[in-house]
Each structure stands twice: as C-alpha cells, then as structure tokens.
Amino acid sequence: MPEYTVHFESAAGTSVKVEANSPDEAMELAWDGLPGGVCAQCSGWGNPPGIDMSGDWEPIEVVDADGNTVWSEKADAD
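For the sequence shown, our numbering begins at 1 and goes up steadily by one.
To be clear, the hints were calculated from the coordinates, so they are not data collected in a lab.
C-beta atoms are modelled at their ideal positions from N, C-alpha and C, and glycine is treated no differently.
The reader is advised that the hints may include incorrect statements.
So the derived label-pair ranges between C-beta atoms look like this [unchecked claim]:
1) E19 x E58: 32 to 40 Å
2) S43 x G67: 16 to 24 Å
3) L29 x G55: 35 to 43 Å
4) S43 x D66: 33 to 41 Å
5) N68 x G33: 15 to 23 Å
6) T5 x V63: 34 to 42 Å
7) G33 x G67: 39 to 47 Å
8) V70 x G50: 33 to 41 Å
Generate coordinates for the entire structure from the input sequences, incorporating the hints supplied.
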C-alpha cells in the first residue's frame with residue numbers, strides 16, 4: 001500500500017511573566033523569556049516527525065496581575 005506524509009500546521013503560543021513599569025516595558029523584557037524551540041518529545045527526537053517551530057514570535061496581548069488586558073494586538077490594529 002502506498003505511504004503518504006500529511007503535514008499539519010497550527011499556531012503555537014506561550015506566555016512570559018515579567019515585572020515591568022508599563023505594558024511597553026513588559027513586552028521588551030518578555031523577549032528574553034521566550035523558548036527557542038520545543039522539547040525533545042515535541043521535536044520528534046527518537047520518533048519523527050515532530051513539531052517544527054517556524055516563524056517569528058509576535059506579542060498578542062499584555063495582561064496585568066489582576067487579569068486585565070492592558071494591551072492587545074487586536075486593539076492596537078483598530
């Protein structure tokens with residue numbers, strides 16, 4: 001029987017908690033906390049294929065300690 005490889009894509013997301021004086025400063029500081037890749041299991045190490053992290057990280061939202069959105073990519077686009 002023929003073999004096929006089916007590729008799937010999905011957006012990945014993460015959150016980085018920082019202490020900052022403003023939402024702008026928080027976005028600047030958070031860059032240093034971003035993961036550079038995925039764990040061994042997700043990367044497919046030992047059992048390919050895995051998840052390919054391609055593309056660049058982009059901030060989409062800043063939330064304060066009380067859970068309030070203080071900056072949003074959607075609001076910034078309006």
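Here is what the structure says about each hint:
| no. | hint | verdict |
| --- | --- | --- |
| 1 | E19 x E58: 32 to 40 Å | 22 Å, violated |
| 2 | S43 x G67: 16 to 24 Å | 32 Å, violated |
| 3 | L29 x G55: 35 to 43 Å | 22 Å, violated |
| 4 | S43 x D66: 33 to 41 Å | 36 Å, holds |
| 5 | N68 x G33: 15 to 23 Å | 21 Å, holds |
| 6 | T5 x V63: 34 to 42 Å | 39 Å, holds |
| 7 | G33 x G67: 39 to 47 Å | 19 Å, violated |
| 8 | V70 x G50: 33 to 41 Å | 35 Å, holds |
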